[in-house]
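Number of protein chains: 4
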Amino acid sequence: MARDVQSERPANSFKLTKVGVRGVMKPVQVSRPQRIVTLPATFDVFVDIPATQRGSHLSRHLEAIGEIVDASVRRPVPSLEDLAETIATALLERHETATHSEVWARADYFLERTTPWGRASLEPYRLVAKAIAERGKPPRTHRAIGVEVVGMTACPCAMETIRDELSAKDPPVRVPDGMPLITHNQRNRTTMMLDAPEDSNVEADELIDIVEASMSSPTYELLKRPEEARLVESAHRKPRFVEDVVREVLARVLKRYPDLPDGALVSVKSESEESIHKHNAFAERTTTLGELRA
Amino acid sequence: MARDVQSERPANSFKLTKVGVRGVMKPVQVSRPQRIVTLPATFDVFVDIPATQRGSHLSRHLEAIGEIVDASVRRPVPSLEDLAETIATALLERHETATHSEVWARADYFLERTTPWGRASLEPYRLVAKAIAERGKPPRTHRAIGVEVVGMTACPCAMETIRDELSAKDPPVRVPDGMPLITHNQRNRTTMMLDAPEDSNVEADELIDIVEASMSSPTYELLKRPEEARLVESAHRKPRFVEDVVREVLARVLKRYPDLPDGALVSVKSESEESIHKHNAFAERTTTLGELRA
Amino acid sequence: MARDVQSERPANSFKLTKVGVRGVMKPVQVSRPQRIVTLPATFDVFVDIPATQRGSHLSRHLEAIGEIVDASVRRPVPSLEDLAETIATALLERHETATHSEVWARADYFLERTTPWGRASLEPYRLVAKAIAERGKPPRTHRAIGVEVVGMTACPCAMETIRDELSAKDPPVRVPDGMPLITHNQRNRTTMMLDAPEDSNVEADELIDIVEASMSSPTYELLKRPEEARLVESAHRKPRFVEDVVREVLARVLKRYPDLPDGALVSVKSESEESIHKHNAFAERTTTLGELRA
Amino acid sequence: MARDVQSERPANSFKLTKVGVRGVMKPVQVSRPQRIVTLPATFDVFVDIPATQRGSHLSRHLEAIGEIVDASVRRPVPSLEDLAETIATALLERHETATHSEVWARADYFLERTTPWGRASLEPYRLVAKAIAERGKPPRTHRAIGVEVVGMTACPCAMETIRDELSAKDPPVRVPDGMPLITHNQRNRTTMMLDAPEDSNVEADELIDIVEASMSSPTYELLKRPEEARLVESAHRKPRFVEDVVREVLARVLKRYPDLPDGALVSVKSESEESIHKHNAFAERTTTLGELRA
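Residue numbers (the numbering used here), protein chains in the order written: chain V, 72 to 365; chain R, 72 to 365; chain E, 72 to 365; chain A, 72 to 365.
Heads up, a few of these hints could be off.
Each pair may be met inside one copy or between any two copies, as identical chains are not told apart.
Claimed, not checked - The list that follows gives simulated cross-link-like pairs (lysine-lysine, BS3-like), each with its CA atoms no further than 25 Å apart: (1) K326 - K295; (2) K86 - K326; (3) K208 - K295; (4) K340 - K309; (5) K326 - K208; (6) K326 - K309.
These are computed hints drawn from the structure, not numbers from a lab. All values reported here derive from a predicted model rather than from experimental measurement.
With the hints as constraints, model all of the structure from the sequences given.
This is the structure:
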């Protein structure tokens, strides 16, 4: 019988809070309203180990992921976060010495959008699901949903400086009513993560809606010439700093999810890949809904 | 006079905890023992803004970085973390409404090593410096040093299973004394971050030493054939899980820095790019020195 | 009527050989033996434009991709390269001034494998499809299939040096029969690309088989302890340089596809993420099958 | 004496055209006008091996890089391409069976710029040097310089559509003289590579000038408010497709380097990270100067 090296005492008796595997790729079958989608997801999963145990049995991590994801082929899961939670619970069962487990799943995701001009468009996003399980009878679990959305921001500041410079000319240049002024605009990448208790109605598609509505404009794959002009004009009528985007997402979350508990965590990060600089502008707020409601 | 759009009231009154720029590249002159090195560093810098202020004046972030880094050309800084701390303090001065600031600097770094066989070798590492400043009279600052080290791990578990299988053969295969057994080995990437108060003796070069000594073997750019064989043999005589690497780093930190306060944070992460799997093995401990000493 | 800026004469009259879009993401439905899989693919598509035309109408690129990929939802395509070829032909139809078009599609891909010990495993790979269309009556098309496979290499050289050192000891250490010697082993990433004329039997799954069989060992997601030991042993019995991997792939391609024309291009690249160095070992051969057959 | 495994006959007798190492990091001392700069460069180096040789002696690649780069510490090299050429020649000397060698070196690079408003700014770029050596008496060498420049493009097409829509209104909106119209603008990344024979005057700093002048606007790290407005306005007065950028670079290269031979290769690629789409626009021309001059 082979030595169980992992179960031996370690040379240095410290507990470890995260031991596991990163970058495990698996296609997951998820049931969405009116359809089943395949999400090729990447998993990072961890458990803790006590100070007396040399190593985690890593093959058990893979067994847990494998069996649960395989089951989704026969019976699609309701969501990536639901799957993550099931894996987190299974990890505790398979690792008797663990007191908690943590699961991250990330996947590209496509959503059918309609442009303001009626054109259907399938747009790419990125989903993140996180689940934690704490040992207990029964184990307590916790989960969160994250989305990454690419859109557009147009800078409010340059626009106002240009307005001032036009009016300061001699004679002043009068901007015709309803004509938006030039500014720099750029690709913006905003991510948000929100706690999603099992009985809550938090749902990835809605988080994507919230983020997209908070930018100067959503972006689309296919724009014919008049549509392109209207999108540009529309973004210039709603200029946004990264700070504005983060706050708008926060305000919409509070309004949309009044029933989420005060302890629920929310994190919003917005990064604009500045067209006038080689670096990016960035804003973030990570807090509880209770703090925001105060 | 142009409108100061950033100073206006925002549509949604939430404070933001991090507003700034990411990915600013600057070459820094650092004074090392017996030499001056140029580190092309990448900076991420942030301040908070109150609920009443629409935006941060981002050009002030760039002014702070620019002036302080430029000064390093004339007068090299003692370390990247020292530079980060100076920038963090300057950010508070330039952003009157900010209560704290945060600075990250990252750079490739080279260190002269000598192989156990006497060959000199210049090896690449990665440095991270973090500094935080909190408004007060005087402002309080806090800083940490991080390193990323690439080395080698050889798996202890597969080695023992192979030993058992050899002895279970009929007749048993007797392993000659002093002959190491095969196992899978691979590239390992270990990062650590340690609080480094200004009066402490924490220094990046030593953290690199600590991490490298905790793996199955350091790796070198140039190995002639006998040296390659000895490095392989040496790694097989010191097989290490990622768990072992993390704990060994922790033990060495405790021993090396007895004077660091109990509140000092340490974070160690070790990731092995498994040769027998397409995914990675991972272990982490993030805690205070006080917890480890208990 | 808006100016057609793209159709104007450019300031500098040079033709351009590639104008288009990169990074368009679309989920594609592909029909595999006994199943239909969804591949979230990333497309890069290009046409040439003459010296007299200022710009390509980029929205036509998106229309071509969109309509053809959408059709795959209703009627799954036989393969990614088939889809790429259809898009390449459609690009020529939509861009009247273009003389050729080029399409690249890349996707993560999963294949059911069985380990030598009978365990089923779904392993991740990467697919690449390339198609070119040249204007003519009818247009001539050309296509190629590429795969990226992660596996394991064990170094033959360190193994022999260690054998010599053991026998040079006084007294010499006798290696028991059938006991493999230690060496460094590591993650290897091998890519190949092969022309795949429409009437050929070149197929991505077989290319993956060929590459995987050419390494020291394939790798698997889940290995229980005895399986891990056997995989390690098996890899040590088949040590391979990157040079060996490339040549083995070439030999297997020649044998497997005797009917491919001499003009068919093949490219094989193998990169080992060396466990004993921080850099990678690399080998490549890009040539025609005719050259290899000579 | 250890077996020289690399010199044995391979199982499959195919020559290999590229065998070597990738990702070797080394700090290089380069002499620029009025200063010496340290460039932490990444090297990829290759030689060919004949059908009769199993493997390349990879340690010789590292010896060649190491000795030549180390020498630059004592005696700075005139340029990265000069260093690459020296390494390419040294590789042929150390690999007796090789008929050619290939060296790539890549490095971040900083250049002092002055904004149109007189502000000094140190801006980051990326350098690439390529050198090839062919065995002969004496060996023939060939080298090329590449640069990657980040700047800004403003779209000419959306601007004209918006002009048309304004004049189509009832009553038509009259755009005041000298007022630029809105459009989408974004970060653009343009790379060029040009053959640089030893006696030519091709120089990286000038290639960066050429590329930067061909965009809608260069970008700068620090812009105070009026400068930001002027940069935005200036970019809107010079709207550019990626196609325009590539052609402008080509025209400037022809004009700047009339003495370069017709056989000299030039490659220009421009990619705009579209603010209105999630994908990028791309244009490329790779050809000889002779073709462009025809």
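Outcome of the hint check:
Taking the closest pair of Cα atoms, K326 and K295 never come within 25 Å of each other, the shortest separation being 35 Å inside a single copy and 37 Å across copies. With identical chains, the CA atoms of K86 and K326 are at most 25 Å apart between copies only, with a shortest distance of 17 Å across copies and 42 Å within one. Proximity of K208 and K295 under a CA criterion of 25 Å is satisfied in neither setting, with 58 Å inside one chain copy and 30 Å between copies. Proximity of K340 and K309 under a CA criterion of 25 Å is satisfied intra-copy only: 19 Å inside one chain copy versus 33 Å between copies.
Neither within a single protomer nor between protomers do K326 and K208 lie at most 25 Å apart by alpha-carbon distance, with minima of 35 Å and 40 Å respectively. Proximity of K326 and K309 under a CA criterion of 25 Å is satisfied intra-copy only: 21 Å inside one chain copy versus 44 Å between copies.
Violated hints, in rising order: 1, 3 and 5; the structure is consistent with all others.
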